[in-house]
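With the sequences and hints as input, model every part of the structure.
Given next are the chains, with one letter for each unit.
Protein chains: 4
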Amino acid sequence: MERWSLREFEAAARDRLEPAHYDYFAGGAGDEVTLRANEKAFARLGLVPRVLRGAAKLETGVTLLGSRAAMPVLIAPTAFHRLADPEEGERATARAAAAAETIMIVSMAATVAVEDVAAAAPGAALWFQLYVQPDLAFTEAVVRRAEAAGCGALVVTVDSPVLGLRERDLRNGFHDLPGHLCCENLRDGDRVRPIAMSPGLSWEHIDRLRDMTALPIVLKGITHPEDARLALGHGVAAIMVSNHGGRQLDTVPATIDLLPEIVTAVGGAVPVLLDGGVRRGTDVLKALALGAAAVAVGRPVIWGLAADGERGVARVLALLRAEVERALTLCGCASIGDLEPGMVRRSC
Amino acid sequence: MERWSLREFEAAARDRLEPAHYDYFAGGAGDEVTLRANEKAFARLGLVPRVLRGAAKLETGVTLLGSRAAMPVLIAPTAFHRLADPEEGERATARAAAAAETIMIVSMAATVAVEDVAAAAPGAALWFQLYVQPDLAFTEAVVRRAEAAGCGALVVTVDSPVLGLRERDLRNGFHDLPGHLCCENLRDGDRVRPIAMSPGLSWEHIDRLRDMTALPIVLKGITHPEDARLALGHGVAAIMVSNHGGRQLDTVPATIDLLPEIVTAVGGAVPVLLDGGVRRGTDVLKALALGAAAVAVGRPVIWGLAADGERGVARVLALLRAEVERALTLCGCASIGDLEPGMVRRSC
Amino acid sequence: MERWSLREFEAAARDRLEPAHYDYFAGGAGDEVTLRANEKAFARLGLVPRVLRGAAKLETGVTLLGSRAAMPVLIAPTAFHRLADPEEGERATARAAAAAETIMIVSMAATVAVEDVAAAAPGAALWFQLYVQPDLAFTEAVVRRAEAAGCGALVVTVDSPVLGLRERDLRNGFHDLPGHLCCENLRDGDRVRPIAMSPGLSWEHIDRLRDMTALPIVLKGITHPEDARLALGHGVAAIMVSNHGGRQLDTVPATIDLLPEIVTAVGGAVPVLLDGGVRRGTDVLKALALGAAAVAVGRPVIWGLAADGERGVARVLALLRAEVERALTLCGCASIGDLEPGMVRRSC
Amino acid sequence: MERWSLREFEAAARDRLEPAHYDYFAGGAGDEVTLRANEKAFARLGLVPRVLRGAAKLETGVTLLGSRAAMPVLIAPTAFHRLADPEEGERATARAAAAAETIMIVSMAATVAVEDVAAAAPGAALWFQLYVQPDLAFTEAVVRRAEAAGCGALVVTVDSPVLGLRERDLRNGFHDLPGHLCCENLRDGDRVRPIAMSPGLSWEHIDRLRDMTALPIVLKGITHPEDARLALGHGVAAIMVSNHGGRQLDTVPATIDLLPEIVTAVGGAVPVLLDGGVRRGTDVLKALALGAAAVAVGRPVIWGLAADGERGVARVLALLRAEVERALTLCGCASIGDLEPGMVRRSC
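Chains as they are written, first to last, in our numbering: chain F, 1 to 348; chain X, 1 to 348; chain G, 1 to 348; chain B, 1 to 348.
Among the hints, a few may not be true.
As the list claims (entries may be wrong) - Distance ranges between label pairs, derived from CB positions: (1) F:His175 / B:Gly179: 46 to 52 Å; (2) F:Gly337 / B:Arg14: 28 to 34 Å; (3) G:Ala196 / X:Asp211: 26 to 32 Å; (4) X:Gly267 / F:Gly337: 28 to 34 Å; (5) X:Ala196 / F:Met1: 28 to 34 Å; (6) B:Arg229 / G:Pro86: 54 to 60 Å; (7) F:His175 / G:Asp15: 53 to 59 Å; (8) B:Ala137 / G:Ala269: 41 to 47 Å; (9) G:Ala269 / B:Gly337: 50 to 56 Å; (10) G:Gly268 / B:Arg229: 54 to 60 Å; (11) B:Ile195 / G:Ala318: 22 to 28 Å.
For the record, the hints were derived by calculation from the structure and aren't laboratory data.
Cβ coordinates follow ideal geometry from the N, Cα and C atoms, glycine included.
Here you go:
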């Protein structure tokens with residue numbers, strides 16, 4: 001049966017995944033206020049289209065930090081793809097990303113090693129998501145692997161000095177990956193390290209990381225405009241407005257509501273990306289009209305993967321691309337550059 | 001059993017129509033945010049009546065582009081009336097419109113030819129809704145037919161460079177009319193053309209159309225005030241604020257919320273019409289108080305047609321007229337000209 | 001079983017009344033937006049109490065147009081009390097009002113003649129509600145009866161140039177009183193006149209009425225501040241902000257939301273009363289803090305009457321009085337004069 | 001089964017308590033508008049975290065009026081703990097408070113004498129909640145007992161000139177404690193006095209109380225900024241913004257919405273505390289960011305006590321502390337002093 005929207009993939013994923021695994025992907029922190037807010041905030045924003053602008057030829061491509069994406073929708077880093085697709089996992093996601101010509105941000109917590117992800121999808125544009133580890137030598141080793149695998153940027157998660165309080169996982173007793181899976185990017189000789197989240201992480205670590213690699217650094221998890229300003233002073237290449245899909249601090253506002261202030265603070269100095277709650281082409285357009293250079297989707301990719309493996313991810317990306325194109329055309333825009341803030345209205 | 005409100009006709013239509021056909025008429029684009037918003041926005045506006053104004057004689061008539069309507073409620077263009085009334089279709093609608101002395105905007109996608117609609121309802125005030133076709137010669141042929149049938153205006157839909165994403169139809173597999181029906185206004189010799197929606201449509205096409213015909217041109221689907229201003233420069237005779245009943249771009253704000261800015265932009269230069277979510281006489285009054293010259297109703301006409309054919313449409317129009325008259329009287333107004341913006345309040 | 005709030009009387013009334021009669025009392029016009037708004041608007045207003053003001057002695061009495069009420073809660077005019085209490089009807093209501101020492105506004109549409117209401121409750125403070133009839137001689141006859149019965153004021157309903165659209169009654173086929181009942185105040189020799197609602201009613205009629213009687217005139221149904229200003233120029237003694245309990249024009253804002261502008265427009269020249277949605281002592285305090293001199297309750301009195309006749313009305317009034325007293329004390333007020341606008345906050 | 005949030009303790013308490021006792025603790029005044037508002041208002045406030053601030057060492061302690069608390073969450077005064085824990089009652093609560101190193105405000109309406117509470121939990125930081133009794137000599141006797149028991153402050157409830165209208169209790173017929181329990185702090189020789197609530201209470205009584213004792217005086221139940229200003233003039237040591245958990249005057253706004261104005265009025269002169277609706281660590285942070293020195297929790301302590309006695313209270317306090325610590329870290333704060341108003345946003 002054909003699926004016509006991301007929501008149908010969500011339902012399919014709920015059917016197919018182990019309940020505890022579904023909850024791991026679906027859940028958020030605390031009372032899941034932020035989780036719900038991310039989606040609801042998009043619906044409260046109205047789009048006011050333009051007409052009769054003769055936009056027959058459509059251009060949805062975007063170049064970000066030297067990587068080309070055929071549409072302004074990236075694959076956000078999410079952990080443990082082999083829970084959703086036991087054999088192929090992140091390999092399947094990467095192949096679908098390559099086919100869709102978009103950028104996949106490989107998670108540090110991937111269940112397939114970044115080298116294998118890259119090998120499985122030649123030509124895929126990969127970025128690598130990094131939790132800076134207190135052991136900087138180990139961090140450097142991970143960065144070297146990402147560089148060697150051909151990743152085009154480092155996406156450093158800064159909203160996780162400690163893990164969020166995820167009650168679904170506590171109630172389900174979901175603490176660890178099944179024995180046959182592990183975080184392949186955390187291998188250190190014979191052992192696999194756990195991911196260390198560190199409250200001691202500071203701007204100095206960002207400076208050290210910048211010294212460590214020539215890769216452009218994206219800070220993921222910026223929500224306060226003051227931090228956006230600080231980031232510019234530390235030489236980051238891009239900022240990703242993110243509340244970690246509602247999985248870290250609960251009651252952080254929806255990312256789309258935080259975006260305008262960040263865009264103003266950044267003042268065009270670097271691209272601003274966004275994730276959180278993007279489920280429709282119109283969501284993408286709203287973020288772009290308000291100043292984002294692109295958005296990323298996390299859970300929808302997992303839904304596609306759980307529903308139908310690589311084909312499911314491909315279909316999810318195709319649906320999003322078709323929705324973006326249709327919505328752009330309906331907005332009278334020939335390219336995403338034609339979107340502007342005046343096309344977005346806050347309804348009550 | 002007597003029906004006392006448009007909502008009862010909606011229920012009757014749901015009972016009588018094929019589910020896929022009901023969905024075709026009822027549904028909207030995407031998550032149907034705009035579909036719901038159109039109706040809800042009216043309920044959020046309050047009416048503050050005036051009293052003791054001795055308004056014993058009531059005048060609800062309005063003259064629009066030379067056509068007289070006995071009430072400020074027109075019949076919006078909707079496709080495929082023979083899905084709701086298999087024998088008579090648009091003929092039945094036109095007869096009811098004529099009896100109610102209001103204007104029917106015949107859809108380009110009518111299942112009865114405009115000539116036959118006109119012949120079935122002598123004296124009916126008809127306007128013709130047009131999707132400008134990329135083949136301008138064919139467009140002109142359609143315009144000539146509308147002129148010859150006595151249509152008094154062309155209502156050019158400008159919000160449809162591409163079809164909206166209507167998931168109900170996708171899920172129902174509703175793609176085409178049943179074999180015995182077709183878009184009679186699209187006949188081109190022996191064949192029937194499909195309606196071409198064109199993202200290339202531009203203001204230049206409006207200019208060409210204006211050169212093509214002496215009929216006044218109404219632009220239907222204007223939502224951005226800047227487009228309203230542009231329209232004035234292209235010689236349009238009226239503007240219809242419309243989001244296509246929520247069937248094209250989802251999350252466009254409710255038309256009644258978009259109206260005030262359009263009215264300001266137009267500055268009285270041409271009449272401003274509105275459709276979307278009008279279900280009550282009080283809805284009509286709110287639109288008029290905020291500056292609309294008249295409103296149009298689409299789905300309610302289909303409900304009447306499906307429930308009881310011509311009689312159903314007549315009853316729907318009679319209910320609306322009675323509601324408009326009663327609400328005007330309760331507002332202390334002797335005519336629609338007595339309505340003014342100060343009688344409308346936004347509640348939270 | 002003891003009842004502890006007006007809501008419990010509402011439930012009892014629903015149980016005991018004929019469904020069509022319950023609907024007649026409970027229903028509103030159109031989609032009943034205003035009906036619901038009246039109640040909901042009170043809940044959206046917050047009360048911010050004062051403390052430690054040594055308010056040991058409590059004074060809740062108020063003098064209005066020369067009539068004394070022991071609490072700032074009057075009995076609003078409602079029709080047909082013998083539908084709720086077949087034997088005693090308005091007599092029972094009046095006795096309860098007298099016992100509670102408050103003012104009863106007898107409806108022109110009472111099912112007991114005003115003379116009999118007065119006779120049944122000696123010492124009751126009665127006002128008389130009037131629909132000005134186009135036949136002014138008959139209007140004068142009715143006024144004379146009210147004067148002779150000892151009514152202390154005329155409450156002229158100005159929001160009813162025509163009857164509101166009450167779909168519950170249409171669906172229930174409730175058009176007339178049962179044969180053994182009639183509007184006793186409409187007797188004209190051998191016959192009983194129907195109440196004529198007239199769209200021709202104007203300020204001139206108010207002037208004529210003022211010439212006709214020395215009784216103070218209260219205009220009931222003012223919602224627009226401009227009409228409040230006009231009323232002052234026509235010598236009215238008080239203004240009652242009312243949307244007729246949501247029974248006339250639907251989507252009029254809640255009266256408590258309309259009150260502040262009316263109070264400002266009146267500028268203290270005459271007392272401003274309010275009805276609509278008052279169900280709690282805190283509702284009364286909010287209206288008074290925002291400038292009302294008193295409020296009136298309609299449906300709660302019917303609930304009491306239907307539930308338990310005179311005793312039921314007495315209990316409803318006693319509950320309201322106890323709630324007013326308790327809320328006043330909790331607000332740190334010794335009298336209603338201590339309430340002020342700064343104690344009311346709008347929450348979202 | 002492990003419980004992971006306060007909500008699970010609420011459910012357990014509902015299961016274990018006598019329904020009438022559960023209702024006594026859970027219920028609020030009137031329509032319970034304020035009861036619900038307290039909790040909902042926190043969810044409408046967003047937290048905007050800071051990142052990369054190297055906050056490895058966490059300090060959550062606070063010193064209030066000379067008492068040390070390991071976290072900015074106190075135990076609000078609540079009556080009748082032996083309804084929740086028949087044997088130990090307030091003794092159990094005090095032991096849990098001592099173990100958690102926080103301050104317990106012992107209720108005047110405790111079912112264990114304050115001396116016994118103190119004896120049961122050596123080292124516990126106790127404050128004593130007081131309803132000033134019109135019989136000042138008896139009030140003084142109670143104060144002396146609190147002093148002798150080692151209480152560090154008097155928390156004077158000022159929002160209760162009369163008891164709130166609690167319909168759950170009226171319907172349940174819950175008027176008195178079971179015969180084997182009483183308000184042990186109200187013993188006066190052989191008898192136990194009822195608690196007298198007095199509308200005559202005034203600022204003069206506060207002055208008299210200040211003369212009576214050297215203990216710092218906290219006024220609990222301030223909601224109006226003008227009263228906060230007055231309190232400063234009467235030498236109070238702290239102010240507790242409280243609407244009595246929604247149990248006194250209904251429709252008072254949520255305390256977290258009242259807090260900013262009170263903080264402004266107080267201008268840092270004395271600490272401002274808050275109770276009402278605190279259920280999450282993020283709620284605590286929002287209150288502190290907006291200027292509160294600490295918060296207090298009432299019902300959650302009862303839930304813990306009913307669910308599992310002292311262990312239940314200990315677990316509730318431990319969950320709250322862990323949530324506060326985690327949320328602080330996720331906000332990039334090393335101590336509660338790092339919180340500031342710019343980290344809180346009002347969403348709609």
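> Out of the numbered hints, which ones does the structure contradict?
Replying inline: 2, 3, 8, 10
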